[in-house]
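Please construct the entire structure, taking both the sequences and the accompanying hints into account.
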Amino acid sequence: MTETKLGFESSRILSAEQSAALYQDILKTVDSEPWRDAANANRPAVETLIRNGLDLINGFEQATYQKHPQIHTDTDIVYIDSGPGPYSYNMLEPGKTDLDDVNYHKWAWSRKMDRARIRAAYTLAGMITARRIEEQTGVKKNTKDLTTDDFERYGPYLMYASVSWQQDHINYVHKLAKEAGIFKIPDDKLITYTEFTNRNGEQKPIINTEDQMEGLRFPLIDRKPPRRIAMVSHPAHFLRMMHILGKYPDSIPDSSILQLFPIPTPIDAVEEYAKAEIMGTMATIFRKKRASLTPYTNYEV
1 MTETKLGFES SRILSAEQSA ALYQDILKTV DSEPWRDAAN ANRPAVETLI RNGLDLINGF
61 EQATYQKHPQ IHTDTDIVYI DSGPGPYSYN MLEPGKTDLD DVNYHKWAWS RKMDRARIRA
121 AYTLAGMITA RRIEEQTGVK KNTKDLTTDD FERYGPYLMY ASVSWQQDHI NYVHKLAKEA
181 GIFKIPDDKL ITYTEFTNRN GEQKPIINTE DQMEGLRFPL IDRKPPRRIA MVSHPAHFLR
241 MMHILGKYPD SIPDSSILQL FPIPTPIDAV EEYAKAEIMG TMATIFRKKR ASLTPYTNYE
301 V
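Residue numbers (full-length UniProt numbering): 1 to 301.
A few of these clues could be false.
[Claimed, not checked] Under the rule of at most 25 Å between Cα atoms (straight-line distance), these lysine-lysine pairs were calculated in the DSS-like manner: (1) 141 - 189; (2) 144 - 96; (3) 275 - 28.
[Claimed, not checked] Label-pair ranges, simulated between beta-carbon atoms: (4) 264 - 51: 35 to 45 Å; (5) 106 - 222: 39 to 49 Å; (6) 71 - 190: 15 to 25 Å.
Read the hints as simulated data drawn from the structure, not as lab findings.
Small disclaimer: the values here were computed from a predicted structure and weren't measured.
Even for Gly, the Cβ is constructed at its ideal location relative to N, Cα and C.
As structure tokens, then:
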């Protein structure tokens with residue numbers, strides 16, 4: 001039997017016993033935080049957030065077991081909310097031995113999370129492109145046979161919002177991948193940025209998830225908002241993202257369909273990451289005032 005930190009058998013789906021123990025552990029941890037008074041003043045809402053948050057994370061995790069996820073050809077944007085870790089230690093920029101993701105460095109399981117999100121998003125973009133080719137031309141094409149021209153003519157945009165050190169790393173990885181012929185999406189279908197405009201109209205560097213969600217800016221497709229936006233991230237991270245979007249719901253155009261694509265949580269991360277993201281969500285609500293107690297719910301999975 002594989003043991004987790006709290007002593008239960010390891011699984012990507014939290015059991016009722018694990019959820020109950022995590023609930024109590026998170027409540028206890030709240031009492032040691034500098035924003036505890038604000039949280040305790042909203043104790044019933046906090047308890048509901050934790051319970052519902054654990055359920056939501058489990059629901060997102062269950063979606064990762066789908067063998068045939070819903071692929072829609074009206075998906076105009078595949079969006080990646082950057083995660084911790086380098087894309088590849090074999091592709092670090094010259095002179096680099098590691099990256100500057102100090103917030104997660106203590107957790108070994110975090111080291112390939114950004115890579116997992118990018119690879120999943122690239123795969124999803126390929127599936128959408130192949131489906132569009134079949135729909136519009138009647139030709140069935142395997143995703144591994146897609147060309148740059150296919151992505152140019154039929155593919156969605158691929159978006160990546162990140163802090164500056166991640167952008168530097170990904171730019172270098174992208175250069176090597178293009179030279180090796182293993183990355184086919186053309187540059188004009190890529191949208192990357194490291195700054196955002198806040199609600200006061202100020203240009204700021206992206207530092208965290210709340211900056212990414214407040215600063216979402218999608219390109220117009222034929223002078224209209226994207227029909228469908230597919231977001232790729234890990235289940236626990238989606239919890240925090242949705243609570244931040246609860247504060248900034250206008251980040252998603254009214255006419256756009258938001259579809260979440262959760263990807264599997266590293267097995268060693270299931271409990272620690274759930275706790276970290278729930279605690280991070282509450283800190284964003286009570287300390288930073290940049291998230292809502294009520295999450296954004298206008299999405300598909």
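- request: Verify the proposed pairing of residue 141 with residue 189, using a straight-line Cα cut of 25 Å.
  value: 20 Å, holds
field: Range hint compliance [Cβ, residue 106 to residue 222, 39 to 49 Å]
entry: Since residue 106 and residue 222 have Cβ atoms about 46 Å apart, the given range 39 to 49 Å holds.
field: Assessment of proposed distance window 15 to 25 Å (beta carbons of residue 71, residue 190)
entry: 20 Å, holds
field: Straight-line alpha-carbon gap residue 144 to residue 96, limit 25 Å
entry: 32 Å, violated
Hint check for residue 51 and residue 264 - Cβ pair distance inside 35 to 45 Å: 23 Å, violated
message: Can you confirm whether the C-alpha distance between residue 275 and residue 28 stays at or below 25 Å?
response: Distance of about 12 Å is within 25 Å: holds.
When held up to the earlier numbered hints, the structure conflicts with 2 and 4 and fits the remainder.
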